[in-house]
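Residues per chain are reported as follows:
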Amino acid sequence: MASSGVKVGKGLGRKVQVLGVQVVTFLAVWAGWEALSRSGLLYEGVVPSSLAVFPAILEHLVDPVFWDHMGRTAYEVVVGFALGASVGASMGLLLGMRRFLAAVLEPYINYLAATPKIIFLPIMMVMFGVGAGSKVAMAAISAFFPVAVSVYRGTLLVNPVLVRVARSFKASQWTIVKSVYLPSIVPPLLTGLRLGLGVAIVGTLLAEIKLSNKGLGYVVIQHYNFFRTADMYAVLIIIFVIAVGINTLMDRLANRFSHKV
Amino acid sequence: MKLSTIVGLAGVAALVVLLEILIGRGYISPFLIAPPSEVGVELVSLWKEERLVEALFLTFGSTLASTCIAISVGVPVGFLLNRVRILAEAYEGWIAGLFSAPLILLYPLFLVLFGRGVMTIIVISSILATIPIILNTMQAFAQVRRVHLNVARAFKLTAWQTFWKVQLPAALPTIFTGIRLALIYSMISVVAIEYLVVLGGLGSLVSDLYDRYNIPGMYAAIVAVIGVTVVFFKLATEVEKWLRPV
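Chains as they are written, first to last, in this note's numbering: chain Z, 2 to 262; chain H, 31 to 276.
In short, the hints are calculated from the structure, not lab data. Computed from a predicted structure; not experimentally measured. Virtual Cβ for every residue (Gly too), placed ideally from N, Cα, C. Accuracy of the hints is not assured; some may be wrong.
[As the list claims (entries may be wrong)] Simulated DEER-style distance windows between Cβ atoms:
#	chain 1	residue 1	chain 2	residue 2	range
1	H	43	Z	187	36 to 46 Å
2	Z	58	H	45	45 to 55 Å
3	H	74	Z	28	51 to 61 Å
[As the list claims (entries may be wrong)] Residues of chain H clear of chain Z, computed beta-carbon distances all greater than 12 Å:
#	residue
4	59
5	73
6	77
7	255
[Stated by the list, open to error] Pulled a few chain H residues facing chain Z out of the computed Cβ check, cut under 8 Å:
#	residue
8	61
9	214
10	226
11	256
Could you build the full structure based on these sequences and the hints that come with them?
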């Protein structure tokens with residue numbers, strides 16, 4: 002008992018130490034930022050003081066116009082992600098069940114998955130216009146690849162014996178998908194959805210930055226063009242908090258399910 | 031050649047012919063999808079005008095420069111973090127968080143800091159590429175087997191010898207997984223920022239041709255970007271295979 006008590010104390014001490022390092026690092030970075038902004042080494046306004054950025058965050062958060070922009074971005078991300086992820090998941094499943102097709106398509110999917118998706122934006126603008134349509138398409142293309150690849154890799158883990166058993170019981174194609182494949186691809190699917198949502202957000206925002214008249218990306222680039230750096234930092238911080246928050250939530254969800262299965 | 035490769039190439043050829051026919055017959059507007067033959071012609075003329083060559087050099091150069099910076103920063107940092115456990119415990123979660131954060135969106139901030147130039151592209155791309163290298167290097171050195179280190183001790187190797195003869199060779203394959211990711215990441219970030227800011231390179235070639243409404247040219251430049259991706263992808267996979275003994 003005594004030894005375990007010591008161990009807990011030690012573990013706790015370690016945790017405090019780690020927390021200490023984190024707090025010191027955070028404060029050092031903050032102090033460095035403030036020092037840089039006041040040093041006069043850079044042109045005025047290039048690195049705004051945090052004292053200017055934090056009020057700017059609050060100002061944006063109470064501004065209904067900003068929420069309007071946020072709503073547009075959310076709409077584009079959600080619709081595009083839903084489209085891209087569902088097509089991607091079906092594609093991954095199809096490739097998993099048709100191995101020859103997978104062997105034919107796999108190299109092409111790998112190459113296109115590594116291609117910077119933003120480069121397809123001009124094609125999307127030609128096809129769907131410069132408004133919300135092209136942004137939805139960007140989100141969809143971005144989300145498609147990680148979801149398709151994750152689901153396909155998940156199907157490779159399915160025990161082929163199970164599929165053969167189901168076939169010998171004359172299970173329909175749909176029953177095989179539902180009872181054999183689906184249960185074992187849930188964890189990789191959730192990982193794919195997390196990655197896919199992340200890149201869909203980036204794709205949408207980059208598309209908005211390139212050419213748009215509404216959305217968070219548009220707000221960022223407007224602040225940039227008019228050299229309102231404090232406001233630009235504020236919006237970027239808001240975007241980061243949202244993106245990291247969504248990623249953490251999805252990660253928790255994925256962990257929960259993969260422990261259950 | 032494998033059967034699947036042949037079928038794949040035949041499929042691509044069939045798609046090209048099909049598009050050519052559908053566009054030629056007027057089922058698809060040539061302003062939406064350029065006819066493959068015209069894309070080919072544009073590709074050749076972009077090459078001859080040397081715009082494509084110039085852009086290729088810039089994009090390749092920026093990508094390689096970013097990856098090299100990322101390696102020279104990321105490997106030592108990862109090694110040190112693995113040595114100093116308290117720092118590893120404090121920072122690993124943060125670095126992993128940064129890995130999934132949309133860092134590329136910070137590029138306007140870097141434009142303000144470093145100006146509108148190739149410098150900015152390289153700075154942000156090398157930051158993006160450094161993260162997977164740090165994470166993989168930490169993991170690589172943490173994975174070195176106890177037995178190997180014990181053998182090194184039994185032979186009374188100095189710390190320096192242990193590093194060069196035991197730790198580094200054992201860690202190299204995992205470090206290389208990080209470098210492969212870094213190469214792809216910096217390529218994506220270089221092309222994306224080139225496209226967004228139009229500072230030269232393949233990305234801005236695409237943007238420029240779209241702005242002039244040269245649709246076949248735009249498709250040609252996009253094909254070139256995909257070609258570059260394939261080259262980097264193959265390069266990274268081959269080197270990784272070569273370094274991985276098993």
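Against the structure, the hints:
1. H:43 x Z:187: 36 to 46 Å: holds (38 Å)
2. Z:58 x H:45: 45 to 55 Å: Holds, since residue 58 of chain Z and residue 45 of chain H (Cβ atoms, about 49 Å apart) stay within the stated range.
3. H:74 x Z:28: 51 to 61 Å: Since the Cβ atoms of residue 74 of chain H and residue 28 of chain Z sit about 59 Å apart, the hinted range of 51 to 61 Å holds.
4. 59: Given a closest Cβ separation of 9 Å, the condition is violated.
5. 73: Given a closest Cβ separation of 15 Å, the condition holds.
6. 77: Label holds. Min Cβ-Cβ 18 Å, cutoff 12 Å.
7. 255: violated (5 Å)
8. 61: holds (7 Å)
9. 214: Because about 5 Å separates residue 214 of chain H from the closest Cβ in chain Z, which is inside the 8 Å limit, the hint holds.
10. 226: Holds. Min distance 6 Å.
11. 256: For residue 256 of chain H, the interface hint holds, since the closest Cβ of chain Z sits about 5 Å away, which is under 8 Å.
The structure fails hints 4, 7 (numbered hints given earlier, in ascending order).
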